[in-house]
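Chemist: Read off the chains here:
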Amino acid sequence: MRAALFVTCVNDAVYPATGIATVRLLERLGVDVDFPEAQTCCGQPQFNTGYRRETEPLVRRMTRAFEGYDYVVTPSGSCAAMVRHHYPKIGDEAAASLAARTYELTEFLVDVVGVTDVGAHFPHTVTYHPSCHGLRLLGLGERPRKLLESVRGLELRELPGADECCGFGGTFAVKNSDVSAAMGQDKVSNAVSTGAEVLCGADNSCLMHIGGIVSREGAPLRPVHLAEILASTEEEPWS
Amino acid sequence: MSGTYLGMPAFPVAAKEAVGNETLRGNLRHATHTIRDKRAKAVAELDDWALLREAGKRIKDHTLRHLDRYLVRLEESVTAAGGVVHWAADADEANRIVAELVKATGETEVVKVKSMATQEIGLNEALEAEGISAYETDLAELIVQLGDDRPSHILVPAIHRNRGEIRDIFRDRMGAWGRPAPDGLSDTPGELAEAARLHLREKFLRAKVGISGANFMVAETGTLVVFESEGNGRMCLTLPETLISVVGIEKVVPSWRDLEVFLQTLPRSSTAERMNPYTSMWTGTHDADGPSTFHLVLLDNGRTNTLADEVGRQALRCIRCSACLNVCPVYERAGGHAYGSVYPGPIGAILSPQLRGIQSEIDASLPYASSLCGACYDVCPVAIDIPEVLVHLRERVADQGGKGHRLEKAAMKAAGWVFDHPRVMAAGERAASKTRRLHPSKLPGAGAWTDSRDLPELPPESFRDWWKKHHNDRKDTGT
Amino acid sequence: MSTGAGAASGTGTGRGGGTGTGTSGGSRERILARIRAAVADAPDAPEAARDYLETHTPDERVIDLLAENLADYRALVHRTDSEGLPTLIARLLAERGARTVLVPPLLPAFWLSALSSVGTDLIRVEDDPTATARELDVVDSVITGCALAIAETGTLVLDAAPDQGRRRITLVPDHHICVVRTADQVVGSVPQAMPLLDPTRPLTWISGPSATSDIELDRVEGVHGPRTLEVILLTE
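Chains as they are written, first to last, in my numbering: chain A, 1 to 239; chain B, 1001 to 1479; chain C, 2001 to 2236.
Isolated chain A (complex conformation):
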């Protein structure tokens, strides 16, 4: 099975480890991964801030970059939702076709590859924050939980108020920084209250915001992307 990785601009520049983990994981599961280098940003920040016209060239670029791949996989619920929900409205038929071929990582694993046990080993206590776009726009449902529950050594702790937004929201985080930070602080308190060592998420933009608060407050919590947990094995533990 061949799939193109849509790594996302945030992961490319700031969190390459998540992209690397995704490649390792998929290759371990026998997927032939390709990385079309013409890809950049899906345009979500522009679109959600009200710059639809500025989004259009990026949609065209992405559409071209992923032409010809049956499966386009991304370790970001938010960027997957942008492509799936908004590309058909912004772009042409090719953009709509990309929307139909784009999968968030856990969807790809559970629905396409057909696995929930990916053979991972991660001996830590973990609590999971389901980011809004994965939860509500994509309807990821139980997929991330099923994957985490199959990880050997991992103890999953219930996150209170899990379905509440962490407060990132793209430019919301700077345009309404006080409310955004207050939401993030509550999310961190809830995560800390579980006693888990690791706060897992499937969207690094949310984890960047949450991690920024964790770091500032010195909270006893390590934000880790789901792909990195799933990539970790007993032989090759993820750092």
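Please keep in mind that the hints were generated in silico from the structure rather than gathered at the bench.
The hints are all genuine.
Only pairs whose alpha carbons sit at most 25 Å apart, straight line, appear in this in silico DSS-like list of lysine-lysine: (1) LYS1057(B) with LYS1041(B); (2) LYS1409(B) with LYS89(A); (3) LYS1208(B) with LYS1103(B); (4) LYS1468(B) with LYS1434(B); (5) LYS175(A) with LYS1409(B); (6) LYS175(A) with LYS1016(B); (7) LYS1413(B) with LYS89(A); (8) LYS1057(B) with LYS89(A); (9) LYS1434(B) with LYS1469(B); (10) LYS1413(B) with LYS175(A); (11) LYS1038(B) with LYS1057(B).
Partial selection, computed: residues in chain C whose CB lies under 10 Å from chain B: (12) SER2027; (13) ILE2035; (14) PRO2043; (15) ALA2045; (16) TYR2073; (17) GLY2154; (18) PRO2202; (19) SER2207; (20) ALA2211; (21) ASP2218; (22) GLY2225.
Backbone N, C-alpha and C define an ideal beta-carbon position, used for all residues, glycine too.
Guided by the hints, dock chains B and C onto chain A, whose structure is given.
Modeler: Just chains B and C, lined up with the frame of chain A:
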């Protein structure tokens, strides 16, 4: 809309104060979390909820598409049933009509049922200027009126007050408006409700003019519907001799049977009840039962502007249940006042800028008062895609230009150019990675982010640089 | 303000007489014109399909569910048959300590036939259109029938028929006893109730005693309407 809110600061400024107010945040958190879980349970009782939601949406969309026809039909039905219909293009005209109708009765006081439309037009203030006292009779409205306060929630305008604060307001202020609070009033909700009952009863019993809004108007029959809990609505709708209802034109539904959808979805979405304690339905005037004179004032006040916007018009489906407020993480922390409108929360963020226009600082900031988390859309009983409208209104604000938006547009264009040139982007990533040891966790000028959050540390190399090596290794090993 | 050619209907289009606001005629045409312009290019929006459920409740569950839902919102629910009804009503009024009871114009005579057996000084107050609200305010209790009851929502619907009286008599007194005939007055759901109701009559839907959620969004019973609602489910 009312002048009360003119000159409101932009949302982030108003919200900052609320975020720092521990009491307010505690009150809002407690109230919204209480209702959230109850709503979910009430909705889960109906296994056809999704179908009811879709039917509600489509009834509203169909009505709005043919709004002229249904308003004319409504006018005929109400008139045939003994009512008098007036049309008001804006707040001033509606206020003028109501004031003249009250003056024609010779009365100088009126009792009011909670009504968003009359709050929106600032009717109480307009009547006061004409020497007419308007008494709010809904418990939360009474708390707001006695406290010389502003409403902060659609359903529970005094949601920002806890029981102790309400007790203090009743104790200190009731005497100036009528019957004082009982001696030794405690802060138990039961005693507070009793104090309101005693205070308002004398006003109900002598009232000659009642003023209301309506949740629904049925074009086919001319029936108006008011949902309420306390009985103050029934008092105002049945005891006075004259009833004046001020209702937004979008509140019409075509047929009697359409009510069966909203009678199921509104209470469960709003107070999380299977049914609210009292719903009153009246059709014009009824012989020797209730008011002998009934006036209906149909209000536009920005609604036809909203109707003209192909994306934004869905906001007119709103049945004012306030479920979106109760689940909104931004509302929970910013409070209702920060929205600078009688319509706070997610629905307010899309309704106010459409009804009032996006020229003022507050209205231009409201479309951004959301993280687009989508919780509001999930609970909306008429499926208003609030995030979609928010993004659409952001486009309109950005197009308008003005404070900050020109610079933002330039930045978006620049970023867009970089993203359209992957080599430039890769070079930028490499430059940033090389200098990463020099990056402080707090950047000057990045205060909006770094006041409360550290910036992430940049990696030694970007993913695309790693990929090149990985890909070459793969080719070398022939995998 | 311009009135335009189509503004013949003017203000106050009803038989209650125009109030001469002077601008409404113009605004009527202006608002309608603005609506037509606003939706001129809007997509078609067909009438809604009514594919939601007609009821959520099997017939055999209807009476019990009504009782459960009434009680859940703090109505006091009693069950009796025709034979037991007069003494039950008499007992409820006596327990309440009522000295005066409002009665609508046409209550079945046997409902109140046992009043003399429990208290001799209970005064019947007729539903008099000339009575003032203050006069109603000193009455202790009111007893009525209803148009129908809805099980799923725990709702009584009153339509001001002669066995129910004017709307205000079930509002001002603090104690309301409502008799529901289970044989022919109870439906399962709201959609089942709609075709049975006459919108030309004034309708009052009552679901439990007066209540409020205005203090901290938590429901407490008892504000302006009757704070005690007793429902008698009458079997034949």
